[in-house]
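Residues per chain, in single letters:
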Amino acid sequence: MSKVKVKKDNFWVRNRKSNGYLLKKTIMKYGISICRFILLFGMCFLILQPIFNKISISFMPEGDIYNPTVISIPAHPTSSNYELAAKLMNYQKSLFNSFFMSLAIAVIQVTMTTIVGYGFARFDFPFKKFWFACVMLVILVPPQTVSVSLHLHFRFFDILGLSKLITGDTINLKGSVLPYFMMSFLCMGLKNGLYIYMVRQFFRNIPKELEEAAYVDGCGTMKTFLRIMLPDAKPILTSCFLFAYVWQWTDGFYSSMFLGTTPLLSTTLNGLVEGLGAYMTRLVGSKTSVSVAYSNAVLSAGTMMFLLPLIILYLFAQKGFVESLSSSGIKM
Amino acid sequence: MKKQKSKLAGLQKRKAIAGYLFISPFILGFLMFMIKPLIQSLSMAFCQVDLGPASFVQTYAGIKWFNHAFTIDADFVRQLTEVMTKMVINTFAVMVFSFFVALILNQKFHGRALVRAIFFLPVILSSGIVLGLEDNNSVAAQLADTIEQAASGISVTGAIEEIFKTAGVGTRAFEKVFEVIDGIYDVAIASGIQIIIFLSGLQTISSSMYEAADIEGCTAWEALWKITFPMISSLFLVNWIYTIIDFSMRSDNELISKIQVIMAGQLNYGLASAMSWVYFLVVMAFIAITSFLISKGVYYYE
Numbered sequence: 001m002s003k004v005k006v007k008k009d010n011f012w013v014r015n016r017k018s019n020g021y022l023l024k025k026t027i028m029k030y031g032i033s034i035c036r037f038i039l040l041f042g043m044c045f046l047i048l049q050p051i052f053n054k055i056s057i058s059f060m061p062e063g064d065i066y067n068p069t070v071i072s073i074p075a076h077p078t079s080s081n082y083e084l085a086a087k088l089m090n091y092q093k094s095l096f097n098s099f100f101m102s103l104a105i106a107v108i109q110v111t112m113t114t115i116v117g118y119g120f121a122r123f124d125f126p127f128k129k130f131w132f133a134c135v136m137l138v139i140l141v142p143p144q145t146v147s148v149s150l151h152l153h154f155r156f157f158d159i160l161g162l163s164k165l166i167t168g169d170t171i172n173l174k175g176s177v178l179p180y181f182m183m184s185f186l187c188m189g190l191k192n193g194l195y196i197y198m199v200r201q202f203f204r205n206i207p208k209e210l211e212e213a214a215y216v217d218g219c220g221t222m223k224t225f226l227r228i229m230l231p232d233a234k235p236i237l238t239s240c241f242l243f244a245y246v247w248q249w250t251d252g253f254y255s256s257m258f259l260g261t262t263p264l265l266s267t268t269l270n271g272l273v274e275g276l277g278a279y280m281t282r283l284v285g286s287k288t289s290v291s292v293a294y295s296n297a298v299l300s301a302g303t304m305m306f307l308l309p310l311i312i313l314y315l316f317a318q319k320g321f322v323e324s325l326s327s328s329g330i331k332m
Numbered sequence: 333m334k335k336q337k338s339k340l341a342g343l344q345k346r347k348a349i350a351g352y353l354f355i356s357p358f359i360l361g362f363l364m365f366m367i368k369p370l371i372q373s374l375s376m377a378f379c380q381v382d383l384g385p386a387s388f389v390q391t392y393a394g395i396k397w398f399n400h401a402f403t404i405d406a407d408f409v410r411q412l413t414e415v416m417t418k419m420v421i422n423t424f425a426v427m428v429f430s431f432f433v434a435l436i437l438n439q440k441f442h443g444r445a446l447v448r449a450i451f452f453l454p455v456i457l458s459s460g461i462v463l464g465l466e467d468n469n470s471v472a473a474q475l476a477d478t479i480e481q482a483a484s485g486i487s488v489t490g491a492i493e494e495i496f497k498t499a500g501v502g503t504r505a506f507e508k509v510f511e512v513i514d515g516i517y518d519v520a521i522a523s524g525i526q527i528i529i530f531l532s533g534l535q536t537i538s539s540s541m542y543e544a545a546d547i548e549g550c551t552a553w554e555a556l557w558k559i560t561f562p563m564i565s566s567l568f569l570v571n572w573i574y575t576i577i578d579f580s581m582r583s584d585n586e587l588i589s590k591i592q593v594i595m596a597g598q599l600n601y602g603l604a605s606a607m608s609w610v611y612f613l614v615v616m617a618f619i620a621i622t623s624f625l626i627s628k629g630v631y632y633y634e
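Residue numbers (this note's numbering), protein chains in the order written: chain A, 1 to 332; chain B, 333 to 634.
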């Protein structure tokens, strides 16, 4: 205890001894951390502000939004926006659908991309570079480029002309969920090239000796993969799974193209404003336009309901998102 | 000796087969859902597509749709150049921002985990449809306008902008800078993944390097340019490409929405394919040229 006190008292003495260096250094240190705090606080506010904004708007009745004295805290908080949004979005059903659809697709995608990524990382085979260039191509080609012909592809779907031979016609797979499951199964879903790349980078860093030791001990290829490699890959698989889940949840492009008939949160949220207009028209009996403020309040409420499950997931799995990806040291 | 060699060859062969088995789902999917549609959409760009109730007919039309896109369509060329300039500026801004933030987040301070979590939040919350919804949030924009008008007399950034503008030198360049600063929110929400990539690179630099440099009398500023920058320069390439792709595929991109309108609204598959191929090739050429230039400056440690 006494030792600490002596040290404290001697700050100025020590400072004099170091010709003012200690004082300069200390001021620098605190100055930097104050600057850093201000900077980070500002940037964090920048990122969080739209969410706070949405939360506050979603609780406001129409009058509050137009009231200039009400800025962020509603004067007459109401939950009617939420009730209406839930009704229009068919919330329970689409939440249920979204939950299971994202889960199923994420599991399929992660399983398949892990297998493919492992194949790219640990085996030598002819044309490997070529196939990996193809993975790069998959990452680079925007899905919009091929959407037209995928559309037609599934409209007139056929495997090697088999169905035409039997039934005399092609199968119309539009509007069913089968095509998207098929695409996920064959690693062509949303951003699957990126997952393959991430998994490959991870497996590449595992030393070769581990594999050889397993081989000497009598492990086959499959057993090495399942028993030696997979348990090691937990962090990267977690982050891939979380990405796949979240991006599937928020995806509008593939969902509206392939899963159009299944009410998902992302597709119903997209049509929320139009749905509101139709609802009001039906309620009043004649064609009415919904005020911008009101539709925005309902839209904010809908967006919050859409994001809430993700935010909860993020709070629990935050470490999986950030830390596992950065600490597993993916070398690009 | 000979027997051993043949055995080794057998092992290699088995490994090659196993490797192909592992990547076979990808090959199958690639051929079915990528190559075939790509070829088809390329052929559609050169064809007149007539969509019937149960089938579609393609008749060869030459480069009609490309001509249409470049010479008849009034907006296409302008939108293309606009999107490309926006892309260049945005990518620069994202690179600088994410590098800077990664440097700060790599330091040790209280609440680091919380700040990291917040910076990564946009990756989740601003992906997919949410981004498009944010765009047409007109009430928020109206509110912001009103507030800005009311406070225009006391706006610090506005005053600074005025000072720089009246200085007269490089007004256009300043305007671009102000544009980026005004759109800092877009930059911040677009750089989540890039920050993580830079962070993971920064964590692999061994601290002994900085210690050695410090003992030799190297300042932190010099260490940034002589150690940090070269050591993660390969990640600049990765991030550059990732940012361009991410930007070119954003759902609030006006060119993509135009193509979608032509495809789904006017059912003009030929023109839509031609336009998306032009856009795709321009982006690819841009990526190829810039990444070639960057890769010349990349330093590999090993």
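Derived from the structure by calculation, the hints contain no laboratory data.
Please note that the accuracy of each hint is not assured.
Across the chosen pairs, the derived CB separations fall in these ranges [claimed, not checked]:
1) B:543 to A:79: 56 to 62 Å
2) B:556 to A:53: 42 to 48 Å
3) B:435 to A:67: 53 to 59 Å
4) A:10 to B:556: 17 to 23 Å
5) A:315 to B:421: 46 to 52 Å
6) B:507 to A:38: 24 to 30 Å
7) A:261 to B:435: 47 to 53 Å
8) A:73 to B:421: 35 to 41 Å
9) B:441 to A:308: 45 to 51 Å
10) A:311 to B:402: 41 to 47 Å
11) B:617 to A:71: 47 to 53 Å
12) B:543 to A:271: 43 to 49 Å
13) B:548 to A:16: 41 to 47 Å
14) A:205 to B:543: 23 to 29 Å
BS3-like, lysine-lysine: derived pairs with alpha carbons at most 27 Å apart [stated by the list, open to error]:
15) B:418 to A:29
16) A:191 to A:319
17) A:223 to B:418
18) A:223 to B:347
19) B:440 to A:191
20) A:287 to A:234
21) B:558 to B:418
Glycine residues also receive a C-beta, built at the ideal position from the N, C-alpha and C atoms.
Each hint, compared with the structure:
no.: 1; hint: B:543 to A:79: 56 to 62 Å; verdict: holds (58 Å)
no.: 2; hint: B:556 to A:53: 42 to 48 Å; verdict: violated (36 Å)
no.: 3; hint: B:435 to A:67: 53 to 59 Å; verdict: violated (44 Å)
no.: 4; hint: A:10 to B:556: 17 to 23 Å; verdict: violated (34 Å)
no.: 5; hint: A:315 to B:421: 46 to 52 Å; verdict: violated (35 Å)
no.: 6; hint: B:507 to A:38: 24 to 30 Å; verdict: holds (27 Å)
no.: 7; hint: A:261 to B:435: 47 to 53 Å; verdict: holds (48 Å)
no.: 8; hint: A:73 to B:421: 35 to 41 Å; verdict: holds (37 Å)
no.: 9; hint: B:441 to A:308: 45 to 51 Å; verdict: violated (30 Å)
no.: 10; hint: A:311 to B:402: 41 to 47 Å; verdict: holds (46 Å)
no.: 11; hint: B:617 to A:71: 47 to 53 Å; verdict: holds (48 Å)
no.: 12; hint: B:543 to A:271: 43 to 49 Å; verdict: violated (59 Å)
no.: 13; hint: B:548 to A:16: 41 to 47 Å; verdict: violated (28 Å)
no.: 14; hint: A:205 to B:543: 23 to 29 Å; verdict: holds (25 Å)
no.: 15; hint: B:418 to A:29; verdict: violated (39 Å)
no.: 16; hint: A:191 to A:319; verdict: holds (22 Å)
no.: 17; hint: A:223 to B:418; verdict: violated (50 Å)
no.: 18; hint: A:223 to B:347; verdict: holds (14 Å)
no.: 19; hint: B:440 to A:191; verdict: violated (33 Å)
no.: 20; hint: A:287 to A:234; verdict: violated (56 Å)
no.: 21; hint: B:558 to B:418; verdict: violated (31 Å)
The structure fails hints 2, 3, 4, 5, 9, 12, 13, 15, 17, 19, 20 and 21 (numbered hints given earlier, in ascending order).
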